[in-house]
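Listed here are the chains, written in short residue letters.
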Amino acid sequence: MTTNTLDADLALRLAVEDLYADYVHTIDDDRLEEWPGLFTEDGIYRVTTRENHDNGLPLAMVYCDGRGMMADRISALRTANIYEPHVYCHVLSAVRILGASGGVIRARSNFSVLRTMQEGDTSLFAVGRTFDTLVEEGGRLRFRERLAVLDSRRVDTLLVIPV
Amino acid sequence: MSSVASTIDFAWPHEDVSRAPFRVYTDPDLYALEQERIFRGPVWNFLALECEIPNAGDYKTTYVGDTPVIVSRDQNGVINAVVNRCAHKGALICYKPKGNVREFNCVYHNWTYDLAGNLTGVAFRKGVGGKGGLADDFDMKANGLQRLRVEIYCGLIFGTFREETPAFRDYIGAELASNIDRVFPKPLKVIGYHCQVLPNNWKLYAENNKDSYHASLLHVFHNTFGVVRPNMGGGVKISDDGWHHLSYTQRESLGDEQVAQEKVRSLKEQYSLNDVRLMEHKLELGDQVTNAIQTVFPSLVVQQILNALAVRQIQPKGVDRTELVWTILGFEDDDADMRELRLKVNNLVGPAGLISMEDGCVGGWVQRAAKADPDAMTVMPMGGRRIEASQGSRVTEAAVRGFWKGWRECMGY
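Taken in order, these protein sequences are the chains called A and B.
Read in order, the letters of the first sequence are residues 484 to 646 in this note's numbering.
Read in order, the letters of the second sequence are residues -9 to 403 in this note's numbering.
Treat the hints with care, since some could be wrong.
[As the list claims (entries may be wrong)] Partner residues aside, some chain B positions facing chain A, computed with beta carbon under 8 Å:
| no. | residue |
| --- | --- |
| 1 | Cys185 |
| 2 | Val187 |
| 3 | Asn264 |
| 4 | Asp265 |
| 5 | Phe321 |
| 6 | Asn337 |
| 7 | Leu338 |
| 8 | Gly340 |
| 9 | Gly354 |
| 10 | Val356 |
| 11 | Ala359 |
Everything labelled a hint here was simulated from the structure, so no lab data went into it.
Glycine included, C-beta positions come from ideal geometry on N, C-alpha and C.
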């Protein structure tokens, strides 16, 4: 590997890791109105379970097809949905670039989401993997597609904040 | 009188079912008695869908109340349901959620059963070298798996532990059965599952489905996004015995063409959503019904919300914990566009459902508050004290009162 390709490889990794870090901080800091901007205009965001994913079942419990649906989810949770206030802390690991060609990057990661309720209980809310497609747009990487696959089939109470 | 019942000092504390004591949500003894008198009582429990076990040898595991159950299809295509507990030591026989087998085999001591639950083999039955083995008087026929009576309706498999449970259509009545005919008129296809853990007694979720009063009050997604629908008709139907119900809304009688023409315009005018595809509805069931929520006592909900079709199974997991298992459906003959429409509209329901996620937490709020005062009572006065259907208005708790009538009749209180 030449120095140039090594530099390019490292630069790509850093850009991908930056995007992943921006993603979790945007959610964990409750800057949810900025969350759709991490995707392309026609970006897709889905949350499903390993049960559905491994059995080829297409259902997702959250399915946003484009920034419009993402923004609708956020405005719904701000103004319409009723639930006990809580926050997430994402723990992200094992970021891996699976391939990059023609400006399209495929990558994956593992995540845990610790949920803290307003009364103080912290619990492990979700663990799983993300399978992502990233593209450069407007001088930065954005998600063209993010699929979050939860390991458990069970969701405790409800899922309102994106994972 | 069962051993559990004989130790419970409980009497219904009110003259009718317009009040219920909080204790019914918090008392572990009542929970234990419910297993015997409701779930293993004269009721039909939803078990699975026929399309989940299409081939000979296919099985799926589920629960009836606390009782683990296996549903399977045998070589002749007959659906059997048996308790998932080996006659020997009581181990689970099937510990995977689904699979395909020729026979059931308990891994603990290799006892085998046919798919109807008959004991067909016992390891070392004759012992080893003439020593050990089954007792001489051991009756293989008397040591099969416990069987449930099974009935299939519109592709839905039901089971009951009692001989006296009436045939399914008689159990829910012809009027309510016709809604299942309406929602599931052709072969079904599972498009996915959700499972949601509710931090409350199972009955709080059962009541929630029958409570058409709360819908527009707790679930404000429609109102918030400008979805005021004055043209909506509908009503609540209740079975003669009060146990089962159907709550539905429908468009006023617009012709199909008029509806189709108005669809896009009205969606854009009514909804202040960025993306109205979330609310898109393609009329597919031959009528103008937009939402239909139906309960089959004690633990099944049949759902049509626009094109989001599902069955929800209530699985109690202790006095203050419930699992809600959603099986999300389409039809076998759905084309790609219809499938995509269903996937999008399913954003509205489920654990992350935009219009109804509140149902996941509100039961827990009752559970937490009820605990301190088991003898205090919940009040259900909306729509009078009787259990009668209503046309037009869904501002009634009649179907909830019907649930308590069913509960009292099963429980003997």
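Hints and how they fare:
1. Cys185: holds, 5 Å
2. Val187: holds, 5 Å
3. Asn264: holds, 4 Å
4. Asp265: holds, 4 Å
5. Phe321: violated, 14 Å
6. Asn337: Given a least distance of 6 Å, the restraint on asparagine 337 of chain B holds.
7. Leu338: violated, 10 Å
8. Gly340: Hint holds; glycine 340 of chain B Cβ to chain A Cβ min 5 Å, cut 8 Å.
9. Gly354: holds, 7 Å
10. Val356: At about 13 Å, which exceeds the 8 Å cut-off, the nearest Cβ of chain A leaves the hint on valine 356 of chain B violated.
11. Ala359: Violated: closest Cβ of chain A sits about 13 Å from alanine 359 of chain B, beyond 8 Å.
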